[in-house]
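Colleague: These protein sequence lines map, in sequence, to chains F and R.
Using this note's numbering, you'd call the opening residue of the first sequence number 17 and step up by one each time.
Using this note's numbering, you'd call the opening residue of the second sequence number 17 and step up by one each time.
By construction, these hints were calculated from the structure, which means they are not laboratory data.
Be a bit skeptical, because a hint or two may be false.
All copies of an identical chain are treated as equivalent in the list; a pair is satisfied when it fits inside any one copy or across any two copies.
Each computed EDC-like pair below joins lysine to aspartate or glutamate, with the alpha-carbon atoms no more than 20 Å apart [as the list claims (entries may be wrong)]:
1. Lys50 / Asp265
2. Lys300 / Glu159
3. Lys267 / Glu236
2 protein chains.
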Amino acid sequence: MTSFKVLVVAGTHGNEINAPWLIRRWEQEPDLIKTNGIKYFSVIGNPEAYRTGRRYISRDLNRTFEPALLSSPNPIEYEVIRAKQLLSAYGPAGRDPCNLVLDLHSTTAAMGSCLVVYGRRPADLAFAALIQSQLGLPIYLHESDDLEHGFLVEAWPCGLVIEIGAVAQSLLHPKIVAQTKLVLQACFDQISKVVLGIAKFPNHLVIHRHLGSLDFPRDEDSQPEACLHPDLIGKDWIPLKKHQSLFVDSKKNIFRFKGEDLTVPVFINEAAYAEKNIAMSLTKREVWCFSSKWKEAIEGCKHN
Amino acid sequence: MTSFKVLVVAGTHGNEINAPWLIRRWEQEPDLIKTNGIKYFSVIGNPEAYRTGRRYISRDLNRTFEPALLSSPNPIEYEVIRAKQLLSAYGPAGRDPCNLVLDLHSTTAAMGSCLVVYGRRPADLAFAALIQSQLGLPIYLHESDDLEHGFLVEAWPCGLVIEIGAVAQSLLHPKIVAQTKLVLQACFDQISKVVLGIAKFPNHLVIHRHLGSLDFPRDEDSQPEACLHPDLIGKDWIPLKKHQSLFVDSKKNIFRFKGEDLTVPVFINEAAYAEKNIAMSLTKREVWCFSSKWKEAIEGCKHN
Numbered sequence: 017m018t019s020f021k022v023l024v025v026a027g028t029h030g031n032e033i034n035a036p037w038l039i040r041r042w043e044q045e046p047d048l049i050k051t052n053g054i055k056y057f058s059v060i061g062n063p064e065a066y067r068t069g070r071r072y073i074s075r076d077l078n079r080t081f082e083p084a085l086l087s088s089p090n091p092i093e094y095e096v097i098r099a100k101q102l103l104s105a106y107g108p109a110g111r112d113p114c115n116l117v118l119d120l121h122s123t124t125a126a127m128g129s130c131l132v133v134y135g136r137r138p139a140d141l142a143f144a145a146l147i148q149s150q151l152g153l154p155i156y157l158h159e160s161d162d163l164e165h166g167f168l169v170e171a172w173p174c175g176l177v178i179e180i181g182a183v184a185q186s187l188l189h190p191k192i193v194a195q196t197k198l199v200l201q202a203c204f205d206q207i208s209k210v211v212l213g214i215a216k217f218p219n220h221l222v223i224h225r226h227l228g229s230l231d232f233p234r235d236e237d238s239q240p241e242a243c244l245h246p247d248l249i250g251k252d253w254i255p256l257k258k259h260q261s262l263f264v265d266s267k268k269n270i271f272r273f274k275g276e277d278l279t280v281p282v283f284i285n286e287a288a289y290a291e292k293n294i295a296m297s298l299t300k301r302e303v304w305c306f307s308s309k310w311k312e313a314i315e316g317c318k319h320n
Numbered sequence: 017m018t019s020f021k022v023l024v025v026a027g028t029h030g031n032e033i034n035a036p037w038l039i040r041r042w043e044q045e046p047d048l049i050k051t052n053g054i055k056y057f058s059v060i061g062n063p064e065a066y067r068t069g070r071r072y073i074s075r076d077l078n079r080t081f082e083p084a085l086l087s088s089p090n091p092i093e094y095e096v097i098r099a100k101q102l103l104s105a106y107g108p109a110g111r112d113p114c115n116l117v118l119d120l121h122s123t124t125a126a127m128g129s130c131l132v133v134y135g136r137r138p139a140d141l142a143f144a145a146l147i148q149s150q151l152g153l154p155i156y157l158h159e160s161d162d163l164e165h166g167f168l169v170e171a172w173p174c175g176l177v178i179e180i181g182a183v184a185q186s187l188l189h190p191k192i193v194a195q196t197k198l199v200l201q202a203c204f205d206q207i208s209k210v211v212l213g214i215a216k217f218p219n220h221l222v223i224h225r226h227l228g229s230l231d232f233p234r235d236e237d238s239q240p241e242a243c244l245h246p247d248l249i250g251k252d253w254i255p256l257k258k259h260q261s262l263f264v265d266s267k268k269n270i271f272r273f274k275g276e277d278l279t280v281p282v283f284i285n286e287a288a289y290a291e292k293n294i295a296m297s298l299t300k301r302e303v304w305c306f307s308s309k310w311k312e313a314i315e316g317c318k319h320n
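All chains should be built: construct the whole structure from the sequences, respecting the hints.
Modeller: This is the structure:
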């Protein structure tokens, strides 16, 4: 492999339908996103969940790329079977091996357009820095959470999640499609610059480092006893202040923020996270100096 | 039965979670909604769908109250079984017979707070007129659609759907809870006035009469080939103009409205309706004179 082969995955969650719609239009109109000659494959991540309008059938596909699950010779759960299929086809040791994956998602939270990076793999950080320097979008660095692992992008040498919101599940929305297209185009622009050796890496990377998540206040039956406070909904990426209202119950009791000033909330009221006991996640905004090792790592990917 | 017994149903669609949350809080704080002594029962319409965060398990419960389905002695589909259970418990011939039902829904469309009335049953029109005169909300009269029938409220002598949006499926939102509570309170206020003989019926009822529905433009594989136009999203209840943009495809081709001026769109981009091939429904706004027969009908309900 002397260059990049890109895997574009839409519909990893079957009820996030804007990226699958875009991908289908792209198949029919190849100029819709210009790839500058970069070879790519596009797939629906979870076709059965997509067909039935659900996030997943048996388990979240985007928590299924776990060695312990994937090593099973005869898996029963649909998503484990599907993860193995994707790796057999496009994984680093697959039939059409790809060295970079773009995993397209949407969210009910008002995240705008953003990237999600898992862990601190140098090639991912280099690629995220390139996209951030072109589009200015925020980056959520998801790490250090023992409850959440097995993400799709981690099974490829380099990969990013593109996350766009707010949009309801199973809802086609032209603005979400347009935002997805814009970020996907930027990814291909930057990949082709890396291939040509003309990528302009920035001096800094601004990330929002995951600190943990907050659940809803719950009653004795583990049901949410309060909603998110209306003033907080839609305020993703805006730093919290100490004692700020987070939740409100039906008696108008307020549950206030007790953490540090400048903690930045993300994924406020993502519908799919209630089952994970997440009302929002908390991050710390950090400015990191760009490392030459990141550049070497992404340039190394194309020579794998 | 000498007065009203009210059945309040939340979660008829399992992924519309705001009304179930309100009902649960109400169970724990009986003063949350004042019933003025009116006897009521509150239930989760589709508990299995609610538990699993889906609209339904086998079929839409709110299209299942059909004589042909309900007469089956040994139904297999979960929702047919559940419909029979609800009727056995609270139907007009049930163990705890109710004569009025309130069916609480939410929608991803920007419908605000509204009522949905099925057919032209005089008691429903009287009740809807009372709520409209108190709150000023719009009423969608759903009728004359051969593809859509078997609605829950039709199985009770009098009943309304309360529809609140926009909110994503499976998303708890304090504003949606507050709007649901407000309309539910108005319903109990008006029912108690009917019981006391002091209801003030208005002279007119403004309804939006269902004319039909528009599907997305579709390609040769029956997939949507265009999105709703961004200018139209969120514009429920606002009359369309001839040649107004309805849909836009990925090549920016516009699909325009070819119908009559003053047609009023509703349920624009309701996520659950894509499977029904409905991108929006079209209505005609009409002002009807209040009929004394409607008043007699709702007053008759309490003496059933």
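Colleague: Hints first: check each against the structure and report whether it holds.
Modeller: Here is how each hint holds up against the structure:
1. For the identical chains of this complex, Lys50 and Asp265 are inter-copy neighbours only, at 18 Å across copies versus 49 Å inside a copy, given an alpha-carbon limit of 20 Å.
2. In this assembly of identical chains, Lys300 and Glu159 lie within 20 Å of each other by CA distance solely inside one copy; the values are 12 Å within and 54 Å between copies.
3. Taking the closest pair of Cα atoms, Lys267 and Glu236 come within 20 Å of each other only inside a single copy of the chain (17 Å); across copies the shortest separation is 53 Å, beyond that limit.
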